[in-house]
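J.: Mind assembling these two chains? They're in different frames, but the hints should get you there.
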Amino acid sequence: MLRRRVIPCLDVADGRVVKGTRFVDLVDEGDPPTLAARYAAEGADELVYLDISAAPEGRATLLEIVERTARQVFIPLTVGGGVRSVDEMRAVLRAGADKVSLNTAAVAEPSLIRECAAVFGSQAVVVAIDARRVTRNDPLDPTLATVGWEVVVRGGREATGLDAIAWAHEAVGLGAGELLVTSIDRDGTQAGFDTELLRTIATSIRVPIVASGGAAGPDDFIAAVRDGGADAVLAASIFHRRIHAIADVKTAMAAAGIPVRLVEPVAA
Amino acid sequence: MTAVRVAVVDHGAGNLVSIGQALAAVGAEVRIAATPSELDGADMLVLPGVGAAAPAMARLTERELVGPVRRWIADDRPFLGICLGLQLLFDGSDEDGATTLRIVPGRTTVLEEAPTLPHIGWNQVVRRRDHPLFDGIPDGADFYFVHSFAGRPAPAASDWVLAETTHGGTFVSAVARGRRLGVQFHPERSGADGLRLLANAVRLAAGHREEGDGPAPAAGSVPVLAG
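Chains as they are written, first to last, in my numbering: chain F, 1 to 268; chain A, 1001 to 1227.
Bound-form chain A, shown alone (with noise of 0.2 Å):
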């Protein structure tokens, strides 16, 4: 079996480094995407990023990617966000007013609760109900987070909840719907139990691909970033 082919999306905001060499050490092939063409033949898209909405929208559109990315994720391909990559499929942001990409109801707000903010550190990560994405992680397990605001699915979108976390009040801090999958925290960051998430979403996506309905190979040449 051929490596799964993970694009991850270059907005501008984030630390590529980290998130390519942990999908490269879980044995998947990771190109860094800025154009659409370089989502061609990918298996999977990740969405990274820390820091506001604003910026990343702004990039993403002067790059062109913000149909390509919103299709892909119509389509129910395989997709990872991460921390802000996450926040981007709400309608839109408290942090700076910016709309995001409207695939899940609901809004990005400020950990209002927060006794400490931003809120950073290990915190555990208490599931809603099972899913494949946290196999052979136990229940309540330790991932790393830095943010000040989340995601918050409005009541028609309760169905994306997948895992909860405390940090003062309550918030959502992972989703799953179909093949799209988005956490609040940093899975790359995360030590074993991260790389066991990142092996677990690049898994699926291969079962995705062998199932015959996942794109065509690549033609062209893209960057690799690591391998």
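This is chain F alone, in the form it adopts within the complex (with noise of 0.2 Å):
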């Protein structure tokens, strides 16, 4: 049976691992291929580098800490975070990256993921799609409201007027071969997943969704798999924290009857 995954996301800024509400409060992490490794052997089913590199020489530190990554993890790896075009999606890929994630480009040009699918195909093209919740006024009714989310981009500062709903499709019908959905409400939060955004997207897409964006404890986990039907969890700042560890998360996941890979520890 296809297990449930656990991902951590390591943010990257020139060439360490930072900790913050994405852009502000950065504090130095350490070396990303160190706790990448460190993650694997705690079970991490995968990992995902997010790029926030101010510089541009960022870039460039970013391939190379991809390829020492490459070398001694043997778990898939997934890189986001300003990949503009077909070339720079290749040469992260030749890096050693198993798949890249279009975020701002992708909603700035949508054929950037057709391209992209096209030269590397479905399983290499993830679709990062940052979604506030906005409640909309019945035009009929003004008593009335309903709750839709909007698709926002630059790390949640700039507005689309994008129906995230409507854009997730779009995004699999040019060719993602998976969503990565994020609740910039509840990003940073700790408030927990939005599943009813996640349930939205998942009973109508036939793609694998990763849940983003609240995680605090092994409780959330499960309720993205459950309430919210992804396939797949990540979460950044209770793995760097150690608040909890992918472990625990994964056996409580396993305890509520969600099938994830138990690994078992590495003998120090």
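Rather than coming from a laboratory, the hints here were simulated on the basis of the structure.
Do not rely on the hints blindly, as some may be mistaken.
[Unchecked claim] Not everything, but these chain A residues come out facing chain F in the computed CB check (under 8 Å):
no.: 1; residue: Pro-1118
no.: 2; residue: Gln-1124
no.: 3; residue: Val-1126
no.: 4; residue: Val-1146
no.: 5; residue: Glu-1188
Don't be surprised by glycine CBs; every beta carbon is placed ideally from N, CA and C.
T.: Spelled out as structure tokens, the structure:
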């Protein structure tokens, strides 16, 4: 049976893992490949590097880090953040990544998804959707309001007016092999995943959905799968800060009847 | 004993970095082979890849590798096909109608009953018989998959079936016959058990070389990816 995946996300800036609410209050957390190897040993099913380098030279540094990681960590690696073209995606894959996640650039130029899928295959193309909850008034009855989600870009700082559910369908139609769905409202808040958002997408789309944004503890991972229909669950700070170990999260998921891959601890 | 020389066939699709580094990690000497002469002197051939069959076959044809690769496999020399590299062993693919290497009777078909597609993630590989490829690996161990299609051996080819995996329906996830091995999952991305499986494949190739029926040592220089 296919296992539900637990995926630690490492925010990488200029060659170092940083933590913080995406773009502010960054704290140096160490060498990415070292942390990646630790997570792999602890039972991570995949890894995500999100490049948030401010300086252009951060890009070259990132490729060097991907290469070093691929040399010593033998689980899948996805790289996201700032990939804007087929050539940039090729460079990241050549360095040793298995998948690339497209976000802002895909919103600006949706055909990028199709081009990348045509060259590298859908399995290598993840589309990351940052969604913010919006309440729309019913035009016919002002006492009624409907809940929806809007796509935001640039780390949540810029609204696009795009409906997140419609965008999810369009992205899959263009060739996305997987969707990484982040609730910007929940991201960094530890208030739990937006399971309603996840479920709305997961029930209408066949590609795997990765849940992101809001994890505080094992119960949230269970809810993302059970209530949200997520195929995989991504988290950053609770793992970096060692609030919860990956193994503990997976043990709790297994106890709740969710199929997960349990890894025997490596002898010290 | 010198390291087992593994030629990884470059047909333009796939993450050659991962497979190269995983094979190097289990002690193999890895070279990337994009021309027939780069197969010379190899002890084992790995056909990797992800994606669709037609572009990969077109690239193999363009590089004049179809004949040498088919001959290698027909001669029962140590071979490991991974993901697309396994699918290419069959007669053809429904994904794009490509005619493939026609070693194993059967076709590559879509995972029709899959609840999610592509089939991405870790799933159990359940053996149908014992084989040294899985030495030291528990039956039902998890391996990492990324695919939407899988080879379906014809009834006449049922002796190729080594292991199966279920995602909605059940499909063949490993094949073996003689020295020819194939896996639908990615051992290079399957953690410790994946490395163990690659080490087993390399060890089997070394065993064949020790028996004295391996190929002659290579002449010429070929690029070594990692060491």
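J.: Now, for every hint given, state plainly whether the structure supports it.
T.: Against the structure, the hints come out as follows:
With 8 Å as the threshold, the beta carbon of Pro-1118/A comes within range of chain F, its nearest partner Cβ sitting at about 5 Å, so the hint holds. With 8 Å as the threshold, the beta carbon of Gln-1124/A comes within range of chain F, its nearest partner Cβ sitting at about 6 Å, so the hint holds. Given hint, Val-1126/A at the interface with chain F, is violated; its Cβ is 10 Å from that chain's nearest Cβ, farther than 8 Å. Hint status for Val-1146/A: holds, given a least beta-carbon distance of 5 Å to chain F, under 8 Å.
Look at Glu-1188/A: its Cβ gets to within about 6 Å of chain F, closer than 8 Å, so that hint holds up.
When each numbered hint is compared with the structure, a violation occurs for hint 3 only.
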